[in-house]
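**Q** Below are the chains, spelled out letter by letter.
Number of protein chains: 2
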Amino acid sequence: MAGRTTDGRATAREELVFVALGGLGEIGMNAYLYGLGAPDRRQWLMVDLGITFPGPNEPGVDVVLPDLKFIEDEASSLAGIVLTHAHEDHIGAVIDLWPRLKAPIYATPFTAGMLRSKLAEGPRIKPQINEVKLGGRFKVGSFDVELVTMAHSIPEPSALAIRTPHGTVFHTGDWKLDQTPLIGDPTDEAKIQALGAEGVAALVCDSTNAFRDGRSPSEVDVASSLAKIIERAKRRVAITTFASNVARLRAVADAAKATNRRLVVAGRAMHRIIQVAMDTGYLPETFSYLDQREFSRLEPRDVLVLCTGSQGEPRAALARVAEDEHPDVQLGQGDLVIFSSRTIPGNEKAVARVQNNLALLGCDVVTDGDALVHVTGHPRREELKLMYGWLKPRVAIPMHGEARHLREHARIARAAGVPEVHALTDGQMVRLAPAPSMVIDEAPVGRQFRDGRLIVADGDGPVRQRRKLSAVGVVAVALVLTRKGEIAGDPVVAIDGVPEETDDGYAMEDLVLDAVDGTLRSTPSARRRDPNVLREAVRRSVRAAVEQVWGKKPIAKVLITVLDGRG
Amino acid sequence: MAGRTTDGRATAREELVFVALGGLGEIGMNAYLYGLGAPDRRQWLMVDLGITFPGPNEPGVDVVLPDLKFIEDEASSLAGIVLTHAHEDHIGAVIDLWPRLKAPIYATPFTAGMLRSKLAEGPRIKPQINEVKLGGRFKVGSFDVELVTMAHSIPEPSALAIRTPHGTVFHTGDWKLDQTPLIGDPTDEAKIQALGAEGVAALVCDSTNAFRDGRSPSEVDVASSLAKIIERAKRRVAITTFASNVARLRAVADAAKATNRRLVVAGRAMHRIIQVAMDTGYLPETFSYLDQREFSRLEPRDVLVLCTGSQGEPRAALARVAEDEHPDVQLGQGDLVIFSSRTIPGNEKAVARVQNNLALLGCDVVTDGDALVHVTGHPRREELKLMYGWLKPRVAIPMHGEARHLREHARIARAAGVPEVHALTDGQMVRLAPAPSMVIDEAPVGRQFRDGRLIVADGDGPVRQRRKLSAVGVVAVALVLTRKGEIAGDPVVAIDGVPEETDDGYAMEDLVLDAVDGTLRSTPSARRRDPNVLREAVRRSVRAAVEQVWGKKPIAKVLITVLDGRG
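Line by line, the protein sequences give chains A and B.
Residues 1304 to 1870 (my numbering) make up the first sequence, in order.
Residues 1304 to 1870 (my numbering) make up the second sequence, in order.
Check before you lean on any hint, since a few could be wrong.
To be verified - Below are the BS3-like pairs computed for lysine-lysine, each with C-alpha atoms no more than 30 angstroms apart in a straight line:
{"no.": "1", "chain 1": "A", "residue 1": "K1652", "chain 2": "B", "residue 2": "K1855"}
{"no.": "2", "chain 1": "A", "residue 1": "K1421", "chain 2": "B", "residue 2": "K1855"}
{"no.": "3", "chain 1": "A", "residue 1": "K1856", "chain 2": "B", "residue 2": "K1429"}
{"no.": "4", "chain 1": "A", "residue 1": "K1855", "chain 2": "B", "residue 2": "K1771"}
{"no.": "5", "chain 1": "B", "residue 1": "K1856", "chain 2": "A", "residue 2": "K1855"}
{"no.": "6", "chain 1": "B", "residue 1": "K1531", "chain 2": "B", "residue 2": "K1652"}
{"no.": "7", "chain 1": "A", "residue 1": "K1856", "chain 2": "B", "residue 2": "K1771"}
{"no.": "8", "chain 1": "B", "residue 1": "K1537", "chain 2": "A", "residue 2": "K1855"}
{"no.": "9", "chain 1": "A", "residue 1": "K1531", "chain 2": "A", "residue 2": "K1494"}
{"no.": "10", "chain 1": "A", "residue 1": "K1652", "chain 2": "B", "residue 2": "K1429"}
{"no.": "11", "chain 1": "A", "residue 1": "K1855", "chain 2": "B", "residue 2": "K1855"}
{"no.": "12", "chain 1": "A", "residue 1": "K1652", "chain 2": "B", "residue 2": "K1436"}
{"no.": "13", "chain 1": "B", "residue 1": "K1855", "chain 2": "A", "residue 2": "K1856"}
{"no.": "14", "chain 1": "B", "residue 1": "K1855", "chain 2": "A", "residue 2": "K1429"}
{"no.": "15", "chain 1": "B", "residue 1": "K1771", "chain 2": "A", "residue 2": "K1771"}
{"no.": "16", "chain 1": "B", "residue 1": "K1531", "chain 2": "A", "residue 2": "K1856"}
Honestly, the hints are just simulated from the structure, not real lab data.
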């Protein structure tokens, strides 16, 4: 389908195209493609391959993955996958989907380290990971890729300057401007400005904070605010943050030292990141902390405990501390808990639950609503304006955001004087060059799910069935027939997720059996001989009978055994 | 259990007690009780009887109701139920639970009208509703109740001054201070101050905004801000708000008139409230608007459409408009949508979905984050301080809030000089008088669910089963045995919510059948003769076999038919 333009032109034309398989219209699940060449023989470069988390309509799902059908069909022309940074929404799908692509991966040392650390925990896949240095320049097929160091909430965020015969694309990844990011290099504004002078055809840019005015504070401001809050605390202090925010971990460790507290770390994810950060030089090799088992022997005034669980995850350290069920860490009256994080939309209730449990223990809670204890890793409006001013692209493609963010970002880009601005949705393929840019095709896109150990499709699959089960429950009916259609043995019923009694105390199972008996009696034996006809008749009558008393029709499964050798 | 104090005193003692069956520790589901008399023969007064909405762990549930076991056991000593205002979290459980209490209800005309309007739609129950006038004083059993007009986001919010031989309790309900509430009377500050002069033993008070500094703006400020925004709009304007906010409906209608737009109303809930508000004089009898069917014939510049759906409810008018699936109302490029509301925690994703769909249609969206288009109906910190200053109670009981709100409110009450402050949880019974106040008992509390047409228990009931089904799906297996334990006919399997194939393409049903066959072969026929033993063996092997390939154990139902007459 990529071999033909929507206007049906069959003549091959050399061009540079862009399409998102995820990341336009929903936060997370980033997966972008650049294509180079004539429509019928393009070479592809993938940027990022992330997951997102399931919503309430996707029960039982572990993670949501982009549907890569489009690129799987031409995996042989995929030159490589470049990862901009190590957040799950940018690399999380590699573990499940790389085997379908098998293209070489390019990543900086920290990102590669995080990926390897994840791969070590999962099924055994061995992607080729090419470690590239910060700010490095390398070829991926015909794409000439140069990394540009940005700032974000994880080490080594790298924008990509992708040079092609049709011009340069600047793909920002997640970014902000920060000259004092606490760890790693500051945003390489000089290189961005030089790229602008060289000329940029298209800017594909983070939209997350398109609604927020001004500039984001620096990581260093958060560190000093945290230190002051911890300084004032009289008893135990617990702090939770995104584990991958190594600068924040460093700020917390520094604050512990400055306030003469011992740093205790609770939660597996924290340990893993600290290890990768030490391996890659973002935390000193002398970085030291106490295991959570040491917590109980420390005086309240002497402890600063860093916990996983800033999103209210029920099995993470902080949730268990808040429920007073953590094996090692206990908090109580007058202790302080700092949420050095923001609540990701959808997690509000889970986070509130943890905070309420902490309140019941007598803890004081400080969040980013109360003090500067967290800072965004994404550009606010003034930062976006600076970027447009530096790069002066001909084309702007807002990415990383829901539809309303992309729309607002498009408005900012137009106001900054960009002549060609496209607020796209996933799957819309746009020709970036030659000018003028325009939507030329539509790639198939969608979601799939990691469901236990299997990858399952969206649509009419098990996830949708479970959503239905969660609303109406299930009734199973077993019937035994002879070949002649005679009933052998009594019908058997099992229910699950359906109330056991009607409101006048009649057992639901009996009600179902009555419905089955009624249907069997009213179905002529000639028709009973066809199990499909009988199955459907019983299914309907059971659902109708339950609906009568419950107001809802359960899923009904009718299992018919036809006995052999008696017909 | 109410007949004995925790310290075991058996001597009857006249006292005034308070206990919440809902409303302390979670937003919504308000249900409070005051008890008067000796522990073994108390007379009770109930204040409010509300619902809350189910969370993601309560799939398929329509509404969450308080468990009233405690008061159902002594319903004969329940003198009455006073409703403070007509919001669902204060009156929504009457329709389901009143039949278990059968006590007379007391409410002001608008609240009574809303209740009757709801009752007319549901099952036929006919509670005795005593209409009391605003600011009225009446006896409910031994309780001398006086209404005090407050301000809130619905007409006729009434606090209760409950006079008893042990002193007066001031129970605020939901409230704020507003001298220009746009409809109805302003907050009756003079009466509150007079009650303070008379002396108040206990203040039981709204905690919703305990974390918010300052005072809340007036409804009149919102009206003028809305009018200005609508004035500037060049094309269609749609506005959504809580239907029950009659003052807001009035403000919208006034803005329509002032900007020469025709008011169109879309959504059933809006029509119902407008009718009750007209019946009770809160909207003029001449209040006029166009039905949604008129929308299409109006010029874009001439229309202001008021829609239900501010919380992203998928079936409400605005969600359908945003999906471009509304039969009458269509919006497009350059139209403006105002969310004159706040997003209730838990609804963030649903609201964002609607806003994203509107962005895709090309609409501009204004929310309470962008402009003064909504105002809270609850007291901020300065309002709480004024209330404590006016009433100077001996005892403060923070209510209406999650644990962290109650804790923060308790801090404010202590700072205001209240000597006895209790941040309670549902079920903790506190003696308010005689002094000193203290927790003396624990009432059983909990949740129950309206599930379709039935009321079902929390705990090990159908809702919990459905939660499990939503995670792991179900496998049903039918087996037929002779009395001797011989297998008759082939086993039959049905699956739902479980992936259909393993990752090497093997059908899950075949995998289950293999497991069943293996179990049947390995179970000696003597043991097969006991269906319970066989059922359990098959159940285990099926779950284990599926787990092996899927990583999750489904619910397994094994239905065994034992054939008659062949043993």
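**Q** None of the hints should be skipped; say for each whether it holds.
**A** For each hint, the structure was consulted:
1. K1652/A x K1855/B: 26 angstroms, holds
2. K1421/A x K1855/B: Judged against 30 angstroms, a Cα distance of about 21 angstroms means the pair holds.
3. K1856/A x K1429/B: 29 angstroms, holds
4. K1855/A x K1771/B: 19 angstroms, holds
5. K1856/B x K1855/A: Judged against 30 angstroms, a Cα distance of about 26 angstroms means the pair holds.
6. K1531/B x K1652/B: Satisfied, since the Cα-Cα distance of roughly 29 angstroms is no more than 30 angstroms.
7. K1856/A x K1771/B: Holds, at roughly 19 angstroms.
8. K1537/B x K1855/A: Roughly 46 angstroms separates the two Cα atoms, so the pair is violated.
9. K1531/A x K1494/A: Outside the cut-off at roughly 35 angstroms; violated.
10. K1652/A x K1429/B: 37 angstroms, violated
11. K1855/A x K1855/B: With Cα atoms ~28 angstroms apart, K1855/A and K1855/B stay inside 30 angstroms; holds.
12. K1652/A x K1436/B: Since the Cα atoms of K1652/A and K1436/B sit roughly 39 angstroms apart, the hinted pair is violated (cutoff 30 angstroms).
13. K1855/B x K1856/A: Holds. K1855/B to K1856/A sits at ~26 angstroms (cutoff 30 angstroms).
14. K1855/B x K1429/A: 26 angstroms, holds
15. K1771/B x K1771/A: 13 angstroms, holds
16. K1531/B x K1856/A: Distance ~49 angstroms between K1531/B and K1856/A Cα, so the pair is violated.
Checked against the numbered hints above, the structure breaks hints 8, 9, 10, 12, 16 and satisfies the rest.
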